[in-house]
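2 protein chains.
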Amino acid sequence: MSGPQNDFQKVHESSSGPVQANPYGPNPSDFLSNVNNFQLIDSTLREGEQFANSFFSTEKKIEIAKALDDFGVDYIELTSPVASEQSRKDCEAICKLGLKAKILTHIRCHMDDARVAVETGVDGVDVVIGTSKFLRQYSHGKDMNYIAKSAIEVIEFVKSKGIEIRFSSEDSFRSDLVDLLNIYKTVNKIGVNRVGIADTVGCANPRQVYELVRTLKSVVSCDIECHFHNDTGCAIANAYCALEAGARLIDVCVLGIGERNGIVPLGGLMARMIVAAPEYVKSKYKLHKIRDIENLVADAVEVNIPFNNPITGFCAFTHKAGIHAKAILANPSTYEILDPHDFGMKRYIHFANRLTGWNAIKSRVDQLNLNLTDDQVKEVTAKIKKLGDVRPLNIDDVDSIIKDFHTELSTPMLKPTSAKDREDSLDLNDGPASKKTRTK
Amino acid sequence: MSGPQNDFQKVHESSSGPVQANPYGPNPSDFLSNVNNFQLIDSTLREGEQFANSFFSTEKKIEIAKALDDFGVDYIELTSPVASEQSRKDCEAICKLGLKAKILTHIRCHMDDARVAVETGVDGVDVVIGTSKFLRQYSHGKDMNYIAKSAIEVIEFVKSKGIEIRFSSEDSFRSDLVDLLNIYKTVNKIGVNRVGIADTVGCANPRQVYELVRTLKSVVSCDIECHFHNDTGCAIANAYCALEAGARLIDVCVLGIGERNGIVPLGGLMARMIVAAPEYVKSKYKLHKIRDIENLVADAVEVNIPFNNPITGFCAFTHKAGIHAKAILANPSTYEILDPHDFGMKRYIHFANRLTGWNAIKSRVDQLNLNLTDDQVKEVTAKIKKLGDVRPLNIDDVDSIIKDFHTELSTPMLKPTSAKDREDSLDLNDGPASKKTRTK
Chain A
1 MSGPQNDFQK
11 VHESSSGPVQ
21 ANPYGPNPSD
31 FLSNVNNFQL
41 IDSTLREGEQ
51 FANSFFSTEK
61 KIEIAKALDD
71 FGVDYIELTS
81 PVASEQSRKD
91 CEAICKLGLK
101 AKILTHIRCH
111 MDDARVAVET
121 GVDGVDVVIG
131 TSKFLRQYSH
141 GKDMNYIAKS
151 AIEVIEFVKS
161 KGIEIRFSSE
171 DSFRSDLVDL
181 LNIYKTVNKI
191 GVNRVGIADT
201 VGCANPRQVY
211 ELVRTLKSVV
221 SCDIECHFHN
231 DTGCAIANAY
241 CALEAGARLI
251 DVCVLGIGER
261 NGIVPLGGLM
271 ARMIVAAPEY
281 VKSKYKLHKI
291 RDIENLVADA
301 VEVNIPFNNP
311 ITGFCAFTHK
321 AGIHAKAILA
331 NPSTYEILDP
341 HDFGMKRYIH
351 FANRLTGWNA
361 IKSRVDQLNL
371 NLTDDQVKEV
381 TAKIKKLGDV
391 RPLNIDDVDS
401 IIKDFHTELS
411 TPMLKPTSAK
421 DREDSLDLND
431 GPASKKTRTK
Chain B
1 MSGPQNDFQK
11 VHESSSGPVQ
21 ANPYGPNPSD
31 FLSNVNNFQL
41 IDSTLREGEQ
51 FANSFFSTEK
61 KIEIAKALDD
71 FGVDYIELTS
81 PVASEQSRKD
91 CEAICKLGLK
101 AKILTHIRCH
111 MDDARVAVET
121 GVDGVDVVIG
131 TSKFLRQYSH
141 GKDMNYIAKS
151 AIEVIEFVKS
161 KGIEIRFSSE
171 DSFRSDLVDL
181 LNIYKTVNKI
191 GVNRVGIADT
201 VGCANPRQVY
211 ELVRTLKSVV
221 SCDIECHFHN
231 DTGCAIANAY
241 CALEAGARLI
251 DVCVLGIGER
261 NGIVPLGGLM
271 ARMIVAAPEY
281 VKSKYKLHKI
291 RDIENLVADA
301 VEVNIPFNNP
311 ITGFCAFTHK
321 AGIHAKAILA
331 NPSTYEILDP
341 HDFGMKRYIH
351 FANRLTGWNA
361 IKSRVDQLNL
371 NLTDDQVKEV
381 TAKIKKLGDV
391 RPLNIDDVDS
401 IIKDFHTELS
411 TPMLKPTSAK
421 DREDSLDLND
431 GPASKKTRTK
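Going down the list, the sequences are from chains A and B.
First residue of the first sequence? That's 1 in the UniProt record's numbering, and the numbers climb one at a time after it.
First residue of the second sequence? That's 1 in the UniProt record's numbering, and the numbers climb one at a time after it.
Calculated from the structure, these hints are not laboratory results.
Given the structure is predicted, the values throughout are model-derived calculations rather than measurements.
One should not assume that every hint holds.
[As the list claims (entries may be wrong)] Listed next, the stretches of chain B that the computed footprint assigns to chain A, with coverage defined by at least 3 CB atoms under 8 Å from CB atoms of chain A:
hint, stretch
1, 61-73
2, 332-345
[Stated by the list, open to error] In the DSSO-like style, the derived pairs of lysine-lysine whose C-alpha atoms are separated by at most 30 Å in a straight line are:
hint, chain 1, residue 1, chain 2, residue 2
3, B, Lys189, A, Lys378
4, A, Lys102, A, Lys149
5, A, Lys100, A, Lys133
6, A, Lys102, A, Lys89
7, A, Lys133, B, Lys142
8, B, Lys346, A, Lys133
9, B, Lys161, B, Lys142
10, B, Lys346, A, Lys378
11, B, Lys60, A, Lys386
12, A, Lys386, B, Lys66
13, B, Lys378, A, Lys386
14, B, Lys286, B, Lys346
15, A, Lys89, B, Lys66
16, A, Lys96, B, Lys386
17, A, Lys142, B, Lys378
18, A, Lys386, B, Lys96
19, A, Lys96, A, Lys142
20, B, Lys403, B, Lys66
21, B, Lys386, A, Lys66
22, A, Lys133, B, Lys386
[To be verified] Just some of the chain B residues that point at chain A, by a computed CB distance under 10 Å:
hint, residue
23, Cys95
24, Ser139
25, Asn353
26, Leu355
No residue lacks a Cβ here, since even glycine has one placed at the ideal position from N, Cα and C.
Whole structure, please, built from the sequences with the hints as guidance.
In structure tokens:
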């Protein structure tokens, strides 16, 4: 070998430990990071009610609220009590449940709404007003000075009732930065508990989020809450970057349900956060409840769990390619950043297909309690791959091939004289292996 | 009002234009950005074949390859020809189709694989080897010097055949940075077409991706390709940040199918990119074909399109809350960053629910070609919300309520004497409105 290889600076395998305890943890240069200290505001009963299919009866709302509380969310946000008469009654009913989670309701920045909200028994009120040019022109038609005036009136009124108050802009990422910082500075000075940033249309990208939150952190002393829609697939990542920049609270919904295709999903965010802050996440939230909560909400709104859902999608912990299966069998961390057991889920090695490898088949041979040498396993693997080229396989197919192969080996009198004869029977689509399966 | 309000610095609405032509476009400070100049490597027929449910017949592979080519992907990546005999034949068959897209196959960093790959007729070979401590220990068991030696041999062999060569590490984000940069520098000097970064386990976060790609850009002169798994929900965002940092090519699959819960989805990435680079994306890719391609692949692997899929999920362009509906009717940009028409999709205003508002109902009244004053629309909206509090509504319910209301107004002789009488009939679960619907 010539030049290029010599240019490669040979390195010796280092035995020194990693520089950082958790290399996927908070970036040490993010001094304001709340990756290890975040809170969840679940909005399934507010944003989630705006999902196309949602109609939650009082009983279903209570069931969902209790499940979320049991899981450990910090806040539960409810539909505005002025949305409808029943919405107000349901809000009052949930406030009376005595949950550990604080109960919030979400209203427009109007005194009419605020007066009703503070009488429901909630622990806090989330106030929102559109600040983008689009919303100011086509929704409420008010300028920033009017917005500031309304905000101050509503905030001071809610504070006078002794409950929490959050002020959020809407469509923050299409709002003028100076306008935004100006209004946040104003409401921070009055003394709100939180200010909110909302990517109402789902246009924000992660580094934009980081920059805006970091800038806002230099303007306000209160907590920052973030609300990200998922129209362009970045909601979870945006939430993570917001926490890195110093946001404290993230709005989530079960399965992400909400307007259009929704917001940050509770389960997906847990998948993201457990990688970065495993101890914090596992000590605070009952992760093995995620599947039940998702099924509860999916049933209520009549959707299926997406096949590719983080954590609970049917194949989230299924390994298929031979090279993956081999390594997973040796050490699951090779191809898994999430441990399925943390979520009450199980790992599955998909060995019944043409991409399988002999290590995966060897594992199956061991499960079947059969004795084959490595060379024999390689031989039977070739047969399995050959049939896998012809049609989809199931576990029974593979087991039949393995058992037939083993039987032939252990009963030499019946063994065909040439290897070719044995293989012929596997070439057929409806060969013995599959026939056995079908007549079971 | 006292202190706080006076602190708010009054600003006048500015009439000056935005500083940047597209505020959601590439960040001007990302000098190396390829957000406006990216390419797609579709791996549905390689990574996607590793999805739990996948079994693609030759005919289905050809149908998918043609559809992807028609859509406009730059490359189509196929399963290794050494995976199985049929895999090799299928690879050869697809190479003979004469597609515009370049055909790649994906192999281990072994001469055994490379010798087969170069004979299939592919335009290029994607070589991969695990570089993380995990994979080096539990998968192939080789050190970095062995990896470099194998890489050089395979690369020089493939180059000698006059076809494209990519060298990728596997599990790049859990590999030692010095090892990584060292091997990339080595292969870049030999003259590969691309180097690849792979987040094989889905652990990477967006700012980590940006940093690694930016660092790599200072080490290599060739193009950078990125491959992101979606275990923690960040695949699309990571792809975007990689392009911002100067990566050129992104691996995608239709619906994101792949090992575990898959990789960057083609449709989701298009949703992300059209916001940032609308002209580039619309001129290069046939976006209105996304739905058909997704349906083709979903049928082949027997999954449903996730309810919350970007662009093609059933509710991606459905607006429900009254305040949203009002603004959307005035200007869709208020609550939409994506234009459904760009994808051959339609917008839908969901007005048959208790969160509805009078602007949405007024729009429906107009569609029904009925004349009602604003006050009358508000009155009938209250009725609709009242029934919506009792049970889920459909469009027929709302239309019946509106038509009944209109009929009563226009036939004063039959009008009940008190408003209460009219409302009573709407209180019932099986009132006239719903009965009409059910007996249709």
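Here is what the structure says about each hint:
no.	hint	result
1	61-73	violated (count 0)
2	332-345	holds (count 6)
3	Lys189/B - Lys378/A	38 Å, violated
4	Lys102/A - Lys149/A	28 Å, holds
5	Lys100/A - Lys133/A	39 Å, violated
6	Lys102/A - Lys89/A	17 Å, holds
7	Lys133/A - Lys142/B	58 Å, violated
8	Lys346/B - Lys133/A	25 Å, holds
9	Lys161/B - Lys142/B	27 Å, holds
10	Lys346/B - Lys378/A	53 Å, violated
11	Lys60/B - Lys386/A	19 Å, holds
12	Lys386/A - Lys66/B	26 Å, holds
13	Lys378/B - Lys386/A	69 Å, violated
14	Lys286/B - Lys346/B	17 Å, holds
15	Lys89/A - Lys66/B	56 Å, violated
16	Lys96/A - Lys386/B	24 Å, holds
17	Lys142/A - Lys378/B	22 Å, holds
18	Lys386/A - Lys96/B	24 Å, holds
19	Lys96/A - Lys142/A	37 Å, violated
20	Lys403/B - Lys66/B	50 Å, violated
21	Lys386/B - Lys66/A	26 Å, holds
22	Lys133/A - Lys386/B	33 Å, violated
23	Cys95	18 Å, violated
24	Ser139	4 Å, holds
25	Asn353	7 Å, holds
26	Leu355	6 Å, holds
Violated hints, listed in ascending order, are 1, 3, 5, 7, 10, 13, 15, 19, 20, 22 and 23; each of the other numbered hints is respected by the structure.
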